[in-house]
Every structure is written in structure tokens, then in C-alpha cells.
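Work the whole structure out from these sequences, hints included.
Residue numbers are given in UniProt numbering: position 174 of the sequence shown equals residue 174, and the series is strictly consecutive.
Keep in mind that the hints were calculated from the coordinates and are not lab data. Beta carbons: idealized from backbone N, C-alpha and C, even for Gly. Check each hint, because a few of them may be wrong.
[What the hints assert, rightly or not] Estimated spans, in silico, between C-beta atoms of each pair:
| no. | residue 1 | residue 2 | range |
| --- | --- | --- | --- |
| 1 | Glu-44 | Ala-175 | 13 to 23 angstroms |
| 2 | Ile-26 | Gly-179 | 31 to 41 angstroms |
| 3 | Glu-58 | Gly-18 | 37 to 47 angstroms |
| 4 | Pro-174 | Ala-217 | 17 to 27 angstroms |
| 5 | Thr-169 | Glu-75 | 55 to 65 angstroms |
| 6 | Trp-100 | Arg-9 | 14 to 24 angstroms |
| 7 | Ala-98 | Ala-11 | 25 to 35 angstroms |
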Amino acid sequence: LVIGADGIRSAVRTARFGDRSGPRGIGTVAWIGTADFESPVYGETWGSGRFFGMTPVEPGRTNWYATVPEATTAEELRAAFAGWHDPVPRILDTTDPATWIRYDMLHLYPALPSFVAAGTRPGSPVPTGAGPAPVALVGDAAHAMTPNLGQGACTAILDAEALTRALATAPPGPAGIAGALRAYDAERRRSAQRTAFGSRTLHRFMSTERTRLRNAAMRLLPG
Numbered sequence: 001l002v003i004g005a006d007g008i009r010s011a012v013r014t015a016r017f018g019d020r021s022g023p024r025g026i027g028t029v030a031w032i033g034t035a036d037f038e039s040p041v042y043g044e045t046w047g048s049g050r051f052f053g054m055t056p057v058e059p060g061r062t063n064w065y066a067t068v069p070e071a072t073t074a075e076e077l078r079a080a081f082a083g084w085h086d087p088v089p090r091i092l093d094t095t096d097p098a099t100w101i102r103y104d105m106l107h108l109y110p111a112l113p114s115f116v117a118a119g120t121r122p123g124s125p126v127p128t129g130a131g132p133a134p135v136a137l138v139g140d141a142a143h144a145m146t147p148n149l150g151q152g153a154c155t156a157i158l159d160a161e162a163l164t165r166a167l168a169t170a171p172p173g174p175a176g177i178a179g180a181l182r183a184y185d186a187e188r189r190r191s192a193q194r195t196a197f198g199s200r201t202l203h204r205f206m207s208t209e210r211t212r213l214r215n216a217a218m219r220l221l222p223g
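Structure follows, in C-alpha cells:
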């Protein structure tokens, strides 16, 4: 049994399922960093095509993250949030850009038709021993998603638990493994892919440039 838990650029996934599904950009650049002062407020502020978030990390420090359609330099990021409420500009102005992390936000697209396969394709580079091995994908290898719901690691843990449980209760032998993989796929695929879709949808909502419509919709939410 080969378990592909090797991330969004999974070699196991590509070897078994081909490259139809793979990392796809969503047109957003994310920046993250840590400010050396404690913010008086935490949470997220949503703007037009961008948002900024702050979370506590330890006394005297604040984690922050920002997304923009494009920002290739620290000065461009600072300019994008220059007119925002305090302490957003202050955080960007007083932290060292050399410590910032920049990455393009990606997700797995299109969604996989299955998280499992009965065996590897002929000529596959995945080690199979004497014959083709069944394959199961977990975590980002199966359903990499945007971070907006904060569920990426959670879904990976659920995958691992479900796969472990299915294999632990399966009869010995190839037929038992095949049945366990079918059970795992039935339990996890739709749930994980719904979460990934929900996270991507939330990102669109947060980052829309139709801010009046978004803000009006937010005011209709209970609580």
C-alpha cells in the first residue's frame, strides 16, 4: 500500500492519477509576518480585493497576514494598506520585510474523482515491490485548499484517522485493503472536497471588489 501524504505537489498523485489535477493559483498573493509589538485589536479587516488579519502569538508580538491581487515588493504591500485603520499600516511600517514570507495562494484543481486507486499505472515511478500497489491520498495531496476556513490541517488529520480505522478493521489480504480504501474514499472525499469548495468560496467573498454587496450581505447574517 502506498500512501500519498506528500502535499499539494504530490509525486504519488501525479504518478497514479496523472497531472490533470494539480496546484492552481487563485490570483492572490499572501504575505505573513510577525510584528514586534502587541496589537490592541485582533481579527480580520476586509477591503476591496484584499484583506488583513492579526492574531496574538505571545506577549509583545503580533502575527499578521495580508492578501492582495498582486504585490511583489514590500513597498507595494505597504502602499496597498497605507490608508487602513491602525495598527495595520504601523505593523507593516515597523516590521522588517526581510522576515516576511510571500507566497502565491494555491489550491488543488480540478477536484479528484477518487482519493484511492487499486494499483499504479504501468511504468509508474512509485515503488510497488513485486506488483502494482494500491494507493491512497491524504491531506493536501488529495484536496489542497485555500486557508480561509483554517481547515487544511484538520481535514488531513481526519483523513489519516479514517484511513487508519478502515485499514485496522479490514480483513487481511488484497481484497481487504481494497475494501478499506473504498470505505475511506466514501467517508472522506465528498466531505473534504466540500470543505475545500467552501474555503475557496469564502476567499472570493472576502476578496471581492463588490464591497457594497458583500457588506450588505454580512449585515443580514444573524448575530
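Mind checking the hinted window 31 to 41 angstroms against the Cβ distance between Ile-26 and Gly-179?
37 angstroms, holds
Looking only at beta-carbon atoms, does the pair Trp-100, Arg-9 fall within the given range of 14 to 24 angstroms?
23 angstroms, holds
Does the Cβ distance between Glu-44 and Ala-175 fall inside 13 to 23 angstroms?
Given about 49 angstroms between the Cβ atoms, the range is violated.
Cβ distance range 55 to 65 angstroms for Thr-169 and Glu-75, holds or violated:
57 angstroms, holds
Taking the beta carbons of Pro-174 and Ala-217, is their distance inside 17 to 27 angstroms?
51 angstroms, violated
Would you say the C-beta atoms of Ala-98 and Ala-11 sit inside 25 to 35 angstroms of each other?
32 angstroms, holds
So does Glu-58 sit 37 to 47 angstroms from Gly-18, Cβ to Cβ?
Check passed, 45 angstroms falls within 37 to 47 angstroms.
Checked against the numbered hints listed earlier, the structure breaks hints 1 and 4; every other hint is satisfied.
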